[in-house]
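Q: Whole structure, please, built from the sequences with the hints as guidance.
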Amino acid sequence: MLSVEERKEIESKLADYPNSQAMSIEAMLIVQRHRGWVTDESLRDLSELLGLSVADLDGVATFYNLIRRKPVGRHVVHVCDSVSCWIMGVERVCSQLCTNLGIALGGTTADGRFTVLPIVCLGACDHAPAVMIDGKLHEDFNGQRIEEILAQYE
Amino acid sequence: MERPLTGNFRADREAVSLAEYERAGGYQGLRKALQMAPADVTETVKNSNLRGRGGAGFPTGMKWSFVPMGKDAPHPKYLVANADEMEPGTFKDRALMECDPHQLIEGMIVSAYAIAADIGYIFLRGEYVRSHERLARAIAEAQAGNYLGNNILGSGYSFTIHLHASAGRYICGEETALLNALEGKRAHPRTKPPFPQVSGLWGKPTIVQNVETLCNVHHIVNHGPAWFRKLSRTEDGGTKLYGVSGKVKRPGLWELPMGTPMREILEEHAGGMRDGLRFRGALPGGASTDFLVEQHLDTPMDFGHVQKAGSRLGTGTMVVLDDQTCPVGMVWNLEHFFAQESCGWCTPCWSGLAWTEKILFAMEQGKGSLHDLETLTFQTKFLAPGNTFCAFAPGAVEPLQSALKYFASDFRRHIDEHRCPWR
Chain A
1 MLSVEERKEI ESKLADYPNS QAMSIEAMLI VQRHRGWVTD ESLRDLSELL GLSVADLDGV
61 ATFYNLIRRK PVGRHVVHVC DSVSCWIMGV ERVCSQLCTN LGIALGGTTA DGRFTVLPIV
121 CLGACDHAPA VMIDGKLHED FNGQRIEEIL AQYE
Chain B
1001 MERPLTGNFR ADREAVSLAE YERAGGYQGL RKALQMAPAD VTETVKNSNL RGRGGAGFPT
1061 GMKWSFVPMG KDAPHPKYLV ANADEMEPGT FKDRALMECD PHQLIEGMIV SAYAIAADIG
1121 YIFLRGEYVR SHERLARAIA EAQAGNYLGN NILGSGYSFT IHLHASAGRY ICGEETALLN
1181 ALEGKRAHPR TKPPFPQVSG LWGKPTIVQN VETLCNVHHI VNHGPAWFRK LSRTEDGGTK
1241 LYGVSGKVKR PGLWELPMGT PMREILEEHA GGMRDGLRFR GALPGGASTD FLVEQHLDTP
1301 MDFGHVQKAG SRLGTGTMVV LDDQTCPVGM VWNLEHFFAQ ESCGWCTPCW SGLAWTEKIL
1361 FAMEQGKGSL HDLETLTFQT KFLAPGNTFC AFAPGAVEPL QSALKYFASD FRRHIDEHRC
1421 PWR
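Sequence order for the protein chains is A and B. One point on numbering: in this note's numbering, the residue at position 104 of the first sequence is 104, and numbering is uninterrupted. In short: position in the second sequence from 1, add 1000, done, that's this note's numbering.
Don't take each hint at face value.
Taking beta-carbon pairs under 7 Å as the criterion, some of the chain B residues facing chain A (in silico) [as the list claims (entries may be wrong)]:
hint: 1; residue: GLU1085
hint: 2; residue: PHE1091
hint: 3; residue: GLY1126
hint: 4; residue: HIS1162
hint: 5; residue: ALA1167
hint: 6; residue: GLU1183
hint: 7; residue: GLY1184
hint: 8; residue: ARG1186
hint: 9; residue: PRO1251
hint: 10; residue: GLY1252
hint: 11; residue: ALA1287
hint: 12; residue: VAL1319
hint: 13; residue: THR1325
hint: 14; residue: ASN1333
hint: 15; residue: LEU1334
These are calculated hints, taken from the structure and not from any lab test. Virtual Cβ for every residue (Gly too), placed ideally from N, Cα, C.
A: So this is what it looks like as structure tokens:
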């Protein structure tokens, strides 16, 4: 079941568009903000609310990078793997980050605290490498700063 | 030197509020535009030589002139700000939206007025959370100030703006793919014609413009096309946001006259290479542009001159390659991005780019062969303009084709030594 808040947020944005199909991406992002990912059950609920088939919704969900159809940890660390960050050594920083957390890229820590995912250019190329944690940008990310930054996320 | 786009930025990089924006002369361009006929606004923009800042460089005023006008024109008409900044190495629109959100809003209203648009969308990258917060606040302020909404400033003209957060895919920057994304579909590009100016969002006339392009429009109306043309050092009007990333002393973003030479940007503004490193080349306008090398450093960075040098101005944000970084590895990173971001609609693109990436990865692992070099060259021809559904794949192979030309010996060393010499 969609929560009252989810439903309210979705309905408040419906007026921005001439039909409910255009709302589907936004609606999935709203569900994801509340649950961390888009579950099969929420796809069915959204299908009912928006009058679209589950197949249509899933087709859209799987096209876009930021819609997750698998569960993640409490905090999602997005590591930029595009060209400027690559030049500035993101490969090394990323493997150090994964080693510290004891996971592979794409994995979730055993305590469910962090998931580390790759992401394309975050538009912070003059302060590369860049990572984004729960939507907050951290620039000039390097090996020395890993622990200090992760400590901000319980 | 005049800096219309960034002159208003606060030192602390917080967003300029409506009150601050108005004190600095904000919304004067809009007031002036509302006194003009829409066609005259388009004519003014045409005369300014403003060309699109998203990468393709299409003349803005000309694009608008294809929109059906008059009382028989279909409505609603749409104006979409392409704020899907996702070209690797590009970080200019984020600065414009975070630091001076009203500038984009004013530019959008004036542009919308010129084409008699009813509804606007800002198609914003989902990752640009700070831009989202600041734009949402600025839109609310503009609504409260009657710069948006019904009967704007008593003119009889009405226009609203909705903020749309995208869920991410590089192809959404392609304007017809963007329209499909806004409609809630998979973001495959559409067949052209019909062009969006005639049949765009939900089949209605639609103009899609990059953020930086829109930010110029009300300045042009306010100060006139002659003023705008004079800002530039060459024939393309205006200033340009230039960026530099990579191993230079001071990576950053600067608003400079259009046509500022590459060398001046790299040496005077970015401070030159870091100590001990040598310049080998640069992608002048993001990931999908051909490498330029030392012999091109005096190229004025505008649309025509960069093209003559064999590349594209693109987004005007350079990515610098130094001599301690492997050019093959860099091209692998770029093709990895493009292979991943291909929308999958047409076979040459999804298949050719995956193949290309695989070969480059093998080369980096010391497993490349001379035959692979031929295959890479073949891919650059096979994915050239005309062979694919949209401009994605031709852009994707631009850095590859120029790397094969300028860094041929580096590719050879990977094959001959069975390893990456930089690892």
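Q: If a hint holds in the structure, say so; if it doesn't, say that too.
A: Verification of the hints:
| no. | hint | in the structure |
| --- | --- | --- |
| 1 | GLU1085 | holds (5 Å) |
| 2 | PHE1091 | holds (4 Å) |
| 3 | GLY1126 | holds (5 Å) |
| 4 | HIS1162 | holds (4 Å) |
| 5 | ALA1167 | holds (3 Å) |
| 6 | GLU1183 | holds (5 Å) |
| 7 | GLY1184 | holds (4 Å) |
| 8 | ARG1186 | holds (4 Å) |
| 9 | PRO1251 | holds (4 Å) |
| 10 | GLY1252 | holds (5 Å) |
| 11 | ALA1287 | holds (6 Å) |
| 12 | VAL1319 | holds (6 Å) |
| 13 | THR1325 | holds (5 Å) |
| 14 | ASN1333 | holds (4 Å) |
| 15 | LEU1334 | holds (6 Å) |
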